[in-house]
Structure formats: C-alpha cells, structure tokens
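Just so you know, the protein sequences line up as chains A and B, in that order.
Position one of the first sequence corresponds to residue 1 (the numbering used here), numbered consecutively onward.
Position one of the second sequence corresponds to residue 472 (the numbering used here), numbered consecutively onward.
I should point out that these hints are in silico values taken from the structure, not numbers from a laboratory.
Ideal Cβ placement from N, Cα and C applies to all residues, glycine included.
Be aware that one or more of the hints could be misleading.
With a straight-line cut-off of 20 Å between C-alpha atoms, the simulated SDA-like cross-links for lysine to any residue are [what the hints assert, rightly or not]:
no., chain 1, residue 1, chain 2, residue 2
1, B, Lys680, A, Ala34
2, B, Lys646, A, Pro289
3, B, Lys645, A, Phe156
4, B, Lys684, B, Pro694
5, B, Lys676, A, Asn23
6, B, Lys680, A, Glu30
Going by beta-carbon spacing under 10 Å, a handful of chain A positions derived as facing chain B [stated by the list, open to error]:
no., residue
7, Val20
8, Ile32
9, Lys67
10, Asn291
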Amino acid sequence: MKENDTQDLLDLASELRWEVGENFHDTLVEGIYADAAQIAQKTEIKQGEPNPYSFERKLDQVLTSKKYGFPIMILILSIILWLTIQGANYPSGLLARFFLEFLHPILKTGASQVGLPWWLDGFLIDGVYLALGWVISVMLPPMAIFFPMFTLLEDFGYLPRVAFNLDSLFKKSGAHGKQALTMSMGWGCNAAGVVATRIIDSPRERLIAIITNNFSLCNGRWPTQILIATIFIGALVPDSFSSILASIAVIGVALLGVGFTFLSSWMLSKTLLKGEVSTFALELPPYRPPNLWTTLYTSLIDRTLIVLWRAMVFAAPAGAVIWLISNIYVSDLSLANITIDWMDGFGLFFGLNGVILLAYVVAIPANEIVIPTILMLTVAHLNLMGAGDGVMFELESATETAALLHAGGWTLLTGINLMLFSLLHNPCSTTIYTIYQETKSWKWTVFASIMPVILGFLVTFLVTQIWQVFH
Amino acid sequence: MTELEACDSCALNNSAQLLKLGINVDHADYVIALAGNPNTGKSTVFNALTGLKQHTGNWPGKTVTRAEGGYRYKDKKMKLIDLPGTYSLLSTSQDEEIARNFILFGKPDVTIIVVDAARIERNLNLVLQILEITDRAVLCLNLMDEALRHHIDIDERTLGKELGIPVIKCSAIKKQGIPELISTVHQVATRQIICKPHRIKGLSKPAQKMVDKLDKKIRKNYPGQPNSRWIAMRLLDADADVIKALKNGDFDQALT
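Excised from the complex, chain B in its bound form:
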C-alpha cells in the first residue's frame, strides 16, 4: 500500500525525463532541487544537507555545473541537485537554462529556494519566477546571522503567507535551521504540506488578459499542467526553448 502511495509522487514517476537531464534516480525516493541567486550560500546548504564537502567560495557563479548528493530522512532517500545560481530564469544564458530546464522538465519533488535574508527584495525576483513553474517549494531564508548582524530581520510568517510556501530561517554555515529545513522538505515531498504558490500579479491589464487566454488554451491541450500560466507567459515572450519543447512533445511526457 505504501508502495502505491510512493509511486504516486516518487521520483520514478518522472524518471525518463530525469534520465534525459542526466540524473540517475535508481535509488532515490524523492528528487530535491536547490535553486537560488548566486552567492546566497547554496553550496553551503548543499553541504549541510548532504555532509559532502563541495568547495564553497564567496564568489558569484561558483557552481557552474550541477552537483549531486543525497541524504536520508525517515526511511526516504532524497536525491539533492545543486543548480547553478541565477538571478532570473528569463534569459538564455547557459546557467539559467540548466536551472530552468531542470525545474521545468526534471519536475523535482521539492525545490528548495535559497535566498539571502539581507537582500530579500532582489532575491524575490527569482523566487516569484520559480513559483510560476513549480508548486512544490520551500524557501530557505539563509544567511540569517549575517542579516541580523546588519540589523535586518524578516517576518517569516508573513513571507510564508505571501508566497504560499513554507519559509525556514537558516544559517547554513552554522548548521542552524537545517533540521527544520529537512523535515519541512519531507512534508512537502510527501504532500503533508500543500503549497499555494504566489502568482505574479503585477502585469498590466491587457497583458494579463492575453496570458489568461493563452493559459486557458494550454490547459485545454494539456490538462493538469501545473505551470500552464508560466508556459503562456514564455510563449508570449517568444521563448524559443519553450516553443521547441512544445514541438518535441516534452510537455506531453511530463503528464504521464
């Protein structure tokens, strides 16, 4: 019975797509992606979660390639993928493409979005874009110690309500907040927590209307597509990759 449950949400569900992206999920129950702006301590969070010693540098663009690791929690094997740090998912540079394609086609069970607590506004730009693509995310409010040292605090409950996802305060370098992060990720992965992610509201009225129109059509063609609105916005922006993915049928497979 538990096996059936596991198969509903487990990584194998999407293993063909993940394999295409070079991820072997043979022995993983859940796939967790780690995303965020450069220099927010993503690699430190990665190390804190996996116990690996990937070199971390105070250096934007440290993780140019994807790092992989894993950990176990409550008998579940979590596979963790450290994505390159990016400021947005809208342009076509190589690192943004890697991060974007992974969240879009790899469909991780949970995406941990690491943000710099002292620079919340700028970091939120990426968070909002990720939340358009996936509805299973946890916000890791990292570098809390540094923010507090600079007299900046964050009201994490309000932030959680605004974004519609769990928010965990962390200081990964001091291993603070990591246990809470691990258990929250588990709860999101097992659907004990259902996220209601924030949708971008600031569009102009006519633009909003276009998005809705296209969104409706996409949902008709691809019932159950969680990020139809985002695909609509990318199509309106003439995103060549998304157009190509539509033609290749990459979104079809995402459904099965």
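The shape of chain A in the complex, shown without the other chains:
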C-alpha cells in the first residue's frame, strides 16, 4: 500500500477521534462487557446452591484476614521447614555414608590399581568426586521434601493469598503489590523470581522487584540455613526441642529477608527510583485440590533435579579449585591457607572468618556449594588429613560437622553471622546473568550485585559489635 494512503487513513482516524471524543475507550469496554453479560446470561445454567463458592469465601476470610493472615502464613512456613529439617537428616546421613564412606575408598583403591598419578587421582577423586558426593548428600533430601510441599501450596492456590496479605505493605514501601508474588517465587529460585517480575508493568517498580529479589532466601540457601541453624542454634537446647528452635531461627532469617525487601524497596523508591505507585487488581484464583502425583512429578523433575544438576555442574569445578588451592604450595603454606590467613583478620571483624569469605568467593557460581566448600576449606586449613590431601572430611551427621566447625574456631556468633551473610550477599552468577538479561543495564546489574554484599557486611559488623558488648 502507498504511503499517502496510510497517511490518509491516519488523518481520517484522528479526525473521527475528535468527533467521537475522549471516551471511545470507555464506550468500547462497556460494549464488550454488555455483550459478555448478555451471552453469559443465555448460556450459564446454575443449579441448586445459590452461593457456589461459599466455602472458598469463608476460607479466604480466614487466610487473608487482618488478624489471622500473618500468623497462619508463618505457621504454614514453619511446619514445612520443620518437616524438612526433621525428614532430611536420616536420608542425608545415608547418602553421605554411601558416597563418601563406601564408594570413595573403592574409587581410591581402583585408581591406585590402575596406576593414576597422585595428582590426577587427588584432583578427580578427592576434588571433583567428593564435591559432587557432598552436594548430593547435603542437598537432595531437603529439596526432595521442601519442593513438593511448596509446590502443593502453590497449586492449591495459597501463594496469591500470601501476596494479598503482603500487598499493602509493598504499597507502603513504594513498590508494586505484585512484587509479593515475585518475592515468593524467589523463595524457590532468585533467577526465576527475577524473570517473574515481567508481570509488573511499570519499569520503576519492576527494577525495585528485581533488585530486592535476592533477599528472598532461595533453595540454594535454605540447606545452608537449615544446617547452620541445626548445628549452632538447635544445639543450645535439649535434643527434643532442637529442630523446633532451628526451624524458628531459619524462619527468623527468612522473615528478616522480607523485612530487608521492604526496607530496601522503600529506600530505593525514596531515592534512586522515585515515582508513583501504580494500582492494580490482584485476583485471588480459586482453590484447587492439587493433583498429587503430577505435583510430585513436576516438583521432583522440574525443580529438585534441575537445581541439583545445576549445583553439581558448579560444584565439580569448585571441588577441583579447592583441591588445587589446597595442594599448591608457596614455600611452606598452601594457597588456600595463605588466602584464609590473609582474610581471617578482615573476616573476624565481621564475626565471620577467612574460611567463610574464601568459600563465598569460590562459591560465586552457586549458593548451593557454600557449606561443602566451607567444610572442605576448614579441613584443609586445619590440616586434619595431613599435607597433600586438602579434601572434604567425611562427615556423616550434623554432630560431626559441628565438631569439625568447632575445631575450626567457630562460635555461636560465627554461625549466626554466616546465616545473616548467607541471606545478605551477592546473587549467584545465574541470577546476576538473568538480571542483566532482564534489565539490559550494566549499571543496575552491578548495583543489584553489590548492594546486598555491602548490606551483609554492615549487618554482620553491627551484630558482632553488639555481641562483643555482651561477652
């Protein structure tokens, strides 16, 4: 078609637009609604019960009530975490025994029979293989319990109610109410949460949601939180109460994350990302009885195994790096030891230590491997297995992990600060990459990566100062 024809058409359109006035949009929408109502009336057959969704309305009144909404939310989260902590212990021990105690010596013997040189044997079996074995035994059981339960809640329709409860708080923080949904997605995976922010239309509010998503504890960090809480906080009380106290501590950290989400959203909307809050209608979808088998299948395949696979892909090279830095010596000390000693002073200032800091550097690719890395580095640092090894200690249970960490000079303060630092540090490399993909801005990617680390050091420093006043 010719250009002037198009121009003709557009001219006619704008001419008519003047005639029809500003309200054409409303006329159109009203027309559509009228047609829809008429057709629905002709075709809908309602039988019996006049109020078909009465039970759901009652359920909503409780789950989203001002009085019970929050307590129920916290209670449900607590039950899920408690079941995860309780249930994961035994299978984790079993897997660790299989991979580390049973299979590892067999591999070692096999390697020496084949005649592998000591460095290749160490690099592959003590580095890569042990890291993989560790990741599987530490991560698989809690994920296999946590994800199906979380997915069941999601399929039942509870998460939009959580969003509804949190909506007004987000608005007060100057953010979009839908951020409650992307935040909940972040509890599964931050990269997924960042992608999910596409449901927010305003670029300003979407950026806030992207930057603050990292404050949602992701599945890579839940196991860290659970393990450290069990070792350091659960151990404060008699055995029968320890898993309850540990669950409470983990929930405390998760809620602290929510608090930081609000705080940083509010600060961003007051400073760098000023603007109006847009309104929207949050629809509460109907409750649906989840399809149990489908849910189990999708949560095991889509979430558990994919996350585990990702963790393994990142853990293997990390294991190799750890083995290398533990076995490359400069004069009398291994590279790992030199770095740890060098970072120790800085770490202690924040109630952490050199091992933790080095572990976070090594574990930038994935949060999942922080704990295994810390344990490996602690063993290497203490030289528990003699020179030339520098591999992970074979730990069967939380008790043995505790013994090792205590030997490494860990205190309750170190545990608490590790939990805080695990909440407040840079996003994993996948999330950083996703943030860049979504924002296409290096500036915001760098900001979203560095801001949490600064906050993390600030918070752990403050906690350490307060701790020292009382001790």
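Please arrange chain B on chain A, whose structure you already have, making use of the hints.
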C-alpha cells in the same frame, strides 16, 4: 494437488511474519495459538495437547514467556504456541502486547481460547476481543469438572451459536475433551468448519457509525483484511502500536 491446498492455508504462507515474532515454522503445517485469561489452565491444556511437562501453577501470570510445542494429527504437524494469560488485549502491558501481536501479525491458523467454565462472563470479555481479530478460533471450555462441582453448567450449543465458533467442554487436568478439541482444531485449520465470529454489538450508535466509516476506508486500502473493524476500533482508541504497524506496512505483508 494436496500440496497446493496445503499452501493456501499452511503456515508457510505467513512464515515471514512468524519468523519476525521468533517462531520457526520450518516443519509445521499449521500454527495454533493458545490464548485465555490467567489461571484458566492454559498450560494444562498445552501439556495435554503436546505431552510436554511445562510446570503449571495455580498462579496468575505463570506463563510470562511464550512456550512452544507441537503435536501431530492426521498426518498434519501442528505447532502450538502458549501465549501469556491476559484479561484483555486493550492495554499496553508487556504480556498483553505479546498475546495481541501474535494473534494479529502471527495470524495463527487456529486460536484456541481457553476459558474457565465457572467464570464465563468475565472470561468472555477477552473472547470477544480475540474474535474481533481472528475469525479462526475454537473455544475450550476448561475446568468443567470444577464448574460442575460448584453447580455451574454451560449450554455449549447456545454459546457456540452466540460466538460463532466451535465450543468444546474440557477438563484438561483429567484429559477429558482433549480428543474432541484436537479434531475440532484440525477441522477449523483445514477449513472444514468456517467460523462466523461474533462482532461486538454493544457500542453506542454514534461510536458505531465512526467505526463503520473507518472500517470502510481500511477495507478499501487493505482488501481482504479480516480484522479491519478491529483495526478501526484501535485507531479510534489511538493505539500507538497499531498506528506504528500501519506506518511500517506490517498489515501489507499480512496480505501476501
């Protein structure tokens, strides 16, 4: 001979536009779009049709990006595109734009509109808008089991007559109604069923007159444009995207 027939309606006809939208139609005979309100079980229908296991959540806005899959029926390869769930096609949010542009410029051979049988009135708002854009659609009345549990039934024959498109009752999660859906989609794709879609009637008289006037002009400029009336309504609403598309000549190519 069959090849000639296939080329009349097959996806390759519009492959340049589809390629622009990021859809590779190299090995597909027909392109099928899946549209609907959020949370109507679109992803479940998608999985039931393709056998893929895209995660479905009870969660509005689950499908933020476009998912693709395919299936075969009677030797025809169907390419299925799962569009983001939207309440309307009139605003400019990202998900509505993706869905709208796909139906408008991608010109799928069939658009399956998935609706929640228990919430028919609200869902119809989107259906009516889609029917202004395309005249090849099938209504999938999903979540029938849930609706019946809540004592709501739908007279699908009357609904089909009112909308002018085939209506299939489904419960995708139980795989009920999926075979019927597949064969109906095939019939619409191969033009064994010709739809006579409902046109929005509820406009005020003066507004109606403006639409007709503009519609006439558009049809003169673009003979054979199936959604000229819808373009007219968008122009009267000063839709920047449609104006831009006119200037770029996106509607010209849609004709060849």
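Could you work out which of the previously given hints the structure breaks and list their numbers from low to high?
9
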